[in-house]
Amino acid sequence: MRRIPWTHFAAPQTFYGLAGVCWKPLAFLALALAVAGMWVGFMVAPTDAQQGEGYRIIFWHVPVSWMSMIIYLAMAFWGVVCLVFRARMAGMLSQALAPTGALFAFLSLWTGALWGKPMWGAWWVWDARLTSELILFFLYIGFIALTSAIEDPRRADRAGALVAIVGALNVPIIYFSVKWWNTLHQGASVSLNRAPSMAQTMLWGMLLMALACWVYALAMVLYRSRSLILQRERHADWVAQLPECQPGVPA
Amino acid sequence: MASHLTLGLRARDLSCIRGGKTLFAALDVSVLPGQSLHLQGDNGSGKTSLLRLLAGLSEPARGDILWGGRPMAQVRETYQQDMLYLGHALALKEGLSALENLQFAAAMTGQAWSPDAVTKALRQMGLRGREHMPLQVLSQGQKRRVALARLSLSPAHLWLLDEPFVALDAAACELLLGLMQDHVGQGGMLVFTSHQALSWRGGEHRSLRLGAP
Amino acid sequence: MRALWSLWRRDMLLALRRPSEVLTVVFFFVVVAALFPLAIGPERPTLRMLAPGVLWVGALLASLLALNRLFEADHRDGTLEQMLLSGTPLTLLVVAKIAAHWVLCGLPLVLLAPLLGVLFDLSGDALGVLALSLLIGTPVLSCLGAIGAALTLGLRGGGVLLALLVLPLFVPVLVFGAGAVEALAAGLGSGAHLSILMALLLLSGLFSPWACAQALRIALE
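Protein chains in written order, with my numbering: chain A, 3 to 253; chain C, 1087 to 1299; chain L, 238 to 458.
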């Protein structure tokens, strides 16, 4: 297998170039996948026998829930890289991931509530998974709040990395405790995981939407990290020589 | 004989970035036993940052620091036990007395200073009769003298002092200068920052000016 | 070892000479516990049902308040830096700090909770389990909170930021702590909850000091 020069892209300057080339095509790809996924989910997939039309919200709910978890794990991964290898890009990637992850967690909560209302008759019933998702959302907000409050970029990176790692290690414990709490109090036993028996088309719809979310997250991370790089490296020579930083060029 | 006593402290190609700005780059610093180094420079030129780097409180953006010829990361514990850093803050608890503060400092660094020795050091710094008072009733200058009393008690070979002359009256300045010169005279190493011009008697005393020329 | 003991003694001595900080935390707990009946009404069955949750949340908030002070004073007067440079492993020093902090701010909550539980008409057994759950749970809060306190050292808005960071991590302790007392009331026995709390204590006791020491190094760079 041809050796990929990963460390080459670990320098902000080269990463900036790579991200600049990639993010727009990825964004369009995400849009295309989302349109395809929604067409399958809302037009093609059959009406569910038990839940009627309302179930279609899972085509948004399940993918964004998955992504909110995966992004947090990615943040923790880059956090480890940042602390162990002291890589500058790793810290920036974690911070670039956070807002998208928080957005997905937020969407998960809303779509969960929108699904819950026709199912249980209430907007929020403290279901174990939704409650864990809420706590995950708080973890994201905590990360963003801490990294915004620290002025020194290096300290912000490393503090954020530690928060992400500690959070990621705690998420299984939190999930377990919330599940226990839920069963003990005989909370809503309708499990959002027990999806209706999946027709092939439903599965395709969810897969397309999940892919769309993933590609979207990739595009947003690349885009956002470009801003972070410009901010951090603004005193460097290579930034002054960028075409978009020349005087007279429209922003 | 321990290697640091011949090779001392050596920093190579040091660079420090604070808040996005490069304070200094490709800096070489070396202090051998019996030498002292006076860091000078305007406010914000990186004197405190350099001292903190040498103390091991922060990591340099580039370069490395050697103690006795070995990288500091490898000998951190022994280095810390043989080094005394006094920063801007006094590192004293207001709720404790001078005696209690110094005894705590001793316990933390694994030293065993007898109360008599500590009392003697405090008296040498002009604090007779104030050893048992809570620090909050002492003046700023007196508190500084308590912090400096650590110098005469500590067996550390390397002293890193950040602005040690601040808030000291003329007599105390003389005392401190005497302590510093004695330390260097006996083969110790000293790096300090100060805005004051000093009349250094004998010994190998060098200056390093940081910041834009 | 001597350094640890000396640090622990120093913190206890300082708190004894200036007890106001510790007392404010304790009184906060009392006030919060007293506010709830005023808000929900004095019916005994209601109070008895809500007591475990209310008292646990009160203890949690009081712990949070106290956590702010864990490293702040040492950071301000420079003693924290000296601790980093002392040659004693920072992880061990953190253990001493957390231990002193718990004895000063956590243990009073454990001792006070049964008294407040009487105000909520809890039975004798329930009071015992409440105290036990707090005895095991408050050190976990101190351990986890210490990481947050170290990360937010010196930041503006530190207290609220600390709460934001650390409250999600407190959820398991709250669930099993309050759950222990509720399980007793439901006739299920609190053994399982208390065992899980012990496990959380062991886990956090083993890993938090190390994580906290890393956070302190990051904060002091």
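If you're looking for bench data, these hints aren't it; they were derived computationally from the structure. Careful: at least some of the hints might be erroneous.
Unchecked claim - One side only, chain C facing chain A, incomplete, derived with CB under 8 Å:
no.	residue
1	1105
2	1106
3	1107
Unchecked claim - Cβ pair distances, simulated, as ranges:
no.	chain 1	residue 1	chain 2	residue 2	range
4	L	329	A	86	48 to 58 Å
5	A	239	C	1129	20 to 30 Å
6	A	235	C	1255	22 to 32 Å
7	C	1223	L	393	50 to 60 Å
8	L	276	A	41	46 to 56 Å
9	L	426	A	41	48 to 58 Å
10	C	1093	A	240	34 to 44 Å
The C-beta atom is built at its ideal place from N, Cα and C for all residues, glycine as well.
Hints versus structure:
1. This hint holds: residue 1105 (chain C) has a C-beta 6 Å from the nearest C-beta of chain A, less than the 8 Å allowed.
2. Because the beta carbon of residue 1106 (chain C) sits about 6 Å from the nearest beta carbon in chain A, less than 8 Å, this interface hint is met.
3. With its C-beta approaching chain A no nearer than about 7 Å, residue 1107 (chain C) sits inside the 8 Å limit, and its interface hint holds.
4. About 23 Å separates the C-beta atoms of residue 329 (chain L) and residue 86 (chain A), a value inconsistent with the hinted range of 48 to 58 Å.
5. Taken as a hint, the range 20 to 30 Å holds for the pair residue 239 (chain A) and residue 1129 (chain C), whose Cβ atoms sit roughly 27 Å apart.
6. For the hinted restraint 22 to 32 Å between residue 235 (chain A) and residue 1255 (chain C), the CB-CB distance of approximately 48 Å leaves it violated.
7. The hinted window of 50 to 60 Å between residue 1223 (chain C) and residue 393 (chain L) is violated, with their beta carbons roughly 31 Å apart.
8. Evaluation of the 46 to 56 Å hint for residue 276 (chain L) and residue 41 (chain A) yields a pass: the beta carbon distance comes to about 51 Å.
9. In this structure the hint that residue 426 (chain L) and residue 41 (chain A) lie 48 to 58 Å apart at CB holds, the actual value being about 54 Å.
10. At about 39 Å, the CB distance of residue 1093 (chain C) to residue 240 (chain A) agrees with the hint of 34 to 44 Å.
Checked against the numbered hints given earlier, the structure breaks hints 4, 6 and 7 and satisfies all the rest.
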